[in-house]
Amino acid sequence: DADARLEKVKVKVKRERMPYDVNIKKFKLNGNDDRNDDFDYRWRRRRRSKTDSSGDWSADISSNQNNNSSDNGININSRGEKRFICNSRGEVLPVLLGGVQKAGSTTTFSDIRSEIWPIRRYAAKRLGCGNLDNCKEPHFFGKHWGTSLRYGDLWGPCTEATAGVVADFTPRNIFDPRIPARVRYTYREKYQELVFLWGFREPIKRMLSAFSLLQHNGRLYDGKHPDMSFEEYVEYSLQRWSRRGGQEEKQQKATAKLQNSSNVPRTSELGLSNNNNNNNNNAGAKGGQKATSFKQKHFVWDDFTDTDFRPVSQGLYYYQIRNWLRAGFLPSQMIIYPGGLYLDHRDNFDTNPVLEAARAKLGTSLIRPQPLSDGDSVVNRGKHKPLDEILRNVTLRQRLTTELFDPENAKLMKLLAEKVSNGMVLVGYTGEAHDVPAVTEWMTSNWDF
63 DADARLEKVK VKVKRERMPY DVNIKKFKLN GNDDRNDDFD YRWRRRRRSK
113 TDSSGDWSAD ISSNQNNNSS DNGININSRG EKRFICNSRG EVLPVLLGGV
163 QKAGSTTTFS DIRSEIWPIR RYAAKRLGCG NLDNCKEPHF FGKHWGTSLR
213 YGDLWGPCTE ATAGVVADFT PRNIFDPRIP ARVRYTYREK YQELVFLWGF
263 REPIKRMLSA FSLLQHNGRL YDGKHPDMSF EEYVEYSLQR WSRRGGQEEK
313 QQKATAKLQN SSNVPRTSEL GLSNNNNNNN NNAGAKGGQK ATSFKQKHFV
363 WDDFTDTDFR PVSQGLYYYQ IRNWLRAGFL PSQMIIYPGG LYLDHRDNFD
413 TNPVLEAARA KLGTSLIRPQ PLSDGDSVVN RGKHKPLDEI LRNVTLRQRL
463 TTELFDPENA KLMKLLAEKV SNGMVLVGYT GEAHDVPAVT EWMTSNWDF
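Quick note on my numbering: the sequence shown kicks off at 63 and runs consecutively.
Because the hints were derived from the structure by calculation, they are not lab data.
All of these numbers come straight from a predicted model, not from anything done at the bench.
Calculated pairs, BS3-like style, for lysine-lysine (alpha carbon to alpha carbon, straight line, at most 30 Å):
| id | residue 1 | residue 2 |
| --- | --- | --- |
| 1 | 423 | 252 |
| 2 | 473 | 267 |
| 3 | 267 | 476 |
| 4 | 267 | 445 |
| 5 | 267 | 205 |
With beta-carbon atoms standing in for the labels, derived distance ranges:
| id | residue 1 | residue 2 | range |
| --- | --- | --- | --- |
| 6 | 287 | 182 | 33 to 43 Å |
| 7 | 175 | 304 | 36 to 46 Å |
| 8 | 510 | 369 | 19 to 29 Å |
| 9 | 493 | 184 | 40 to 50 Å |
| 10 | 463 | 368 | 16 to 26 Å |
Note that CB positions come from ideal geometry on N, CA and C, so glycine has one too.
Please take these sequences and the hints and turn them into a complete structure.
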């Protein structure tokens with residue numbers, strides 16, 4: 063009968079689902095005091111990995127760390143080279159994570175491709191890569207997360223990775239707020255061995271390039287508005303930004319206003335920062351008012367994962383770096399540079415300041431590709447007119463600058479200036495730590511390309 067069939071379906075679904083959550087708040091954040099932040103790093107994997115035989119996945123992450131202490135001496139070889147990270151299964155994991163979409167990352171990867179250990183052929187087919195050469199973006203922590211594919215499956219056993227650096231240049235890794243916790247879960251206690259290589263571009267020009275790409279591919283608004291101009295999109299973006307506030311101060315005011323109500327939802331449901339008495343502030347009625355303001359206030363979850371707003375959100379670098387820091391990753395793991403600094407020094411890879419900074423982390427003999435036959439060639443160049451010809455409305459451009467990007471860029475520069483003292487590498491920066499004007503000058507003079 064119908065009830066019996068329904069019970070069979072429920073049993074089947076229950077067996078297929080993976081019954082565990084990954085909660086960043088359970089991690090030890092190494093002195094980081096931002097554990098009560100406004101990002102909920104919890105999600106649920108839907109399927110049990112068919113190739114995984116590790117047993118009960120419902121255990122907390124910390125309980126599994128003791129099982130991942132052996133690296134068999136492979137992570138750093140006799141020459142002091144750190145080419146990859148070896149997990150407890152003896153599988154290769156990338157040591158280098160890079161890539162910011164429409165900021166020169168494809169050109170960078172194309173230049174150093176000969177120095178990168180490739181993904182295995184069968185894994186490349188599963189990932190949808192046409193061939194091994196263009197498989198720079200596995201997208202494991204995005205669309206392949208929760209499938210039967212494991213990260214270590216992509217590169218194989220550690221004993222087979224005999225040359226080159228293992229790298230993942232998926233752009234989504236930096237801007238999706240869910241990914242830092244996923245990376246930390248995957249790497250377990252070795253997550254602080256990672257090196258991040260991130261090049262930034264002037265946000266408005268990057269926004270135009272990303273808009274053009276999504277519009278060309280039919281991914282913006284699911285292709286329903288193919289004739290939308292960039293000026294129309296800017297107007298929409300400004301309306302959306304103002305509608306949701308976008309400023310932490312407004313989020314804090316909203317939190318204070320809700321806390322004065324007797325029928326408030328939990329702070330974590332709203333995605334608002336709560337740095338005061340956590341127990342008292344979270345004591346709200348479970349029923350009553352639903353968190354209808356979730357999408358209005360929970361800025362990062364909604365916008366950073368929304369394709370229609372991605373041309374804007376991918377240029378808000380402050381939030382992206384902060385996500386990784388709040389997940390427990392160290393400033394000393396991060397190499398930050400304005401994208402033009404790499405593009406201007408492609409004539410000599412031995413003296414390229416960006417590659418020199420990467421070699422200082424990984425090994426002096428690594429990432430030394432052959433000289434280019436054409437140093438002016440750029441891979442994946444945007445097919446659109448210059449910004450001045452597309453965004454001619456002076457008032458609209460000024461609003462985009464003053465209302466949206468200028469305040470967020472100021473946050474970014476302040477963060478970078480502060481983290482220099484904690485070991486963050488700002489390629490080509492020779493000023494002092496905490497010198498915000500100097501950091502601003504260093505970045506803005508090299509990211510406008």
